[in-house]
Amino acid sequence: MASKRGSSSRSGELFDGRVYGTPAVPSRRGRPARRGQRATDPSEIAGTAIVDREEISRPAIVSDLDLPFERTAPVPVPTPPEDPRRTFELVGGVHLTGTVLWFDCEHRADLTFLSHAHADFAGKNRRILATDKTLRILTRKSGRIEALTSPYKHPFTLGPLTIEMHPAGHVLGSAQLLVEKDGRRIVYTSDVSTRPSATVERGKPVECDVLVIPATYGSPIYRFPPRSEVVESIRAFVTRCFEEQATPVLLAEQIGISQELIRVLGDAGIKLRVHGSIYEIAKIYREFGVVLPNSRRFQGTPARDEVVIFPPILKKHAAIRKLKKSKTAFVTGRAVEPGFAAKNRIDAAFALDNAPDHAELLEIIDATGANEIYLSGGFVEELGSQLRQKGKKVYSLVQAEQLKLF
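Residues in the sequence shown are numbered consecutively from 1, following our numbering.
No wet-lab data here; the hints were simulated from the structure. Check the hints yourself; a few may be wrong.
[Stated by the list, open to error] When the alpha-carbon atoms are kept at most 25 Å apart in a straight line, the in silico DSS-like pairs for lysine-lysine are as follows: (1) K325 - K315; (2) K315 - K327; (3) K204 - K325; (4) K343 - K324; (5) K392 - K204; (6) K316 - K271; (7) K271 - K283; (8) K325 - K343; (9) K204 - K271; (10) K343 - K327; (11) K343 - K315; (12) K204 - K322; (13) K271 - K324; (14) K283 - K315; (15) K322 - K271; (16) K271 - K325; (17) K343 - K322; (18) K283 - K324; (19) K327 - K316; (20) K343 - K271; (21) K153 - K204.
[Stated by the list, open to error] Here are the computed distance ranges between Cβ atoms for each label pair: (22) A318 - N371: 48 to 58 Å; (23) K204 - V291: 22 to 32 Å; (24) Q245 - I221: 27 to 37 Å; (25) R297 - F242: 20 to 30 Å; (26) F288 - K325: 17 to 27 Å; (27) K153 - G369: 11 to 21 Å; (28) G98 - T239: 52 to 62 Å; (29) A318 - T97: 41 to 51 Å; (30) Q389 - R202: 25 to 35 Å; (31) T97 - A303: 30 to 40 Å; (32) T97 - K324: 40 to 50 Å.
Even for Gly, the Cβ is constructed at its ideal location relative to N, Cα and C.
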């Protein structure tokens, strides 16, 4: 299990053995996702900024390291009896039952909340709900998206629903979505980080009755060292590389951790050459007031005193292979897995991550006060078992199959 970021789990299964919901094959492109699903009229939206934009193609795919599991097509299974207690269902995406609201949805839907700019499905959806920062990242290639945007902590209504976004502390613009429906407080979020960050607003648990959250690092093996210690270890690695006349190559998520590295290394006076995709996103961070010093777009050959930052998916890129002498390190929470560096044939690994480790994840869940919890990816069975022992109702919201990342 340690070699995987997420364990497999049968989709739609309650941990006491009850089946509450099933995935289904998404509708064909250009058709409604589900029969009878009503399009949202803009007149029903209050308190939001409505941006009418043309649809664009999917944004560039980011590293697999920033996903708790490989996304696959839903697998059809027999439809179980209706469970009147269920709040969410998995039908080619996470859906709040009885509403037009979907979450990080893979297929065309009337309204999809995108929790952060890693959610690579904006080009498929009729209308998205997101923060202005997320929208800016998604449209960085001069694309156009039909979107509803709202600042943090600014409630608005969507028909009978009251909706409010809260900071998630994951990447620039990441948000938790609080939905008040039928007297209950429901929160959907991707990874939430309550730890200090040099580049984004820290996330805080939002009190709720129902919570959807990923179990990305939901196993006890994921225990991260203090952030300050990890940063010092990365700086020491860079110094050793320079002493050995080797170019340090850091592999980190295109959005989030790469910008964090630019800040903490740049503040130490270290010069950086970053991949073009990372550089373009760093420019957007700067637009929103985030200081990211000493970084240039990677071109040609880096100087001897420069650090290279690339997305993990480009680990074997020709530009890296051409370096005369280099040492490579992954920057990811998976660094705490036994033998992670050796398995991935790299020189070092550092556990700097913008998702919570096991202990922090439990603290966040406890702080929300939620009694009904849906785990949307990662170590679902392992974390679910622990939560069930605390008397929580725990459901799985993952596809039937998950694949290894490496």
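Notebook entry, point to check: Where does the structure disagree with the numbered hints, that is, which hint numbers, in rising order?
Noted result: 3, 9, 12, 18, 20, 26, 31, 32
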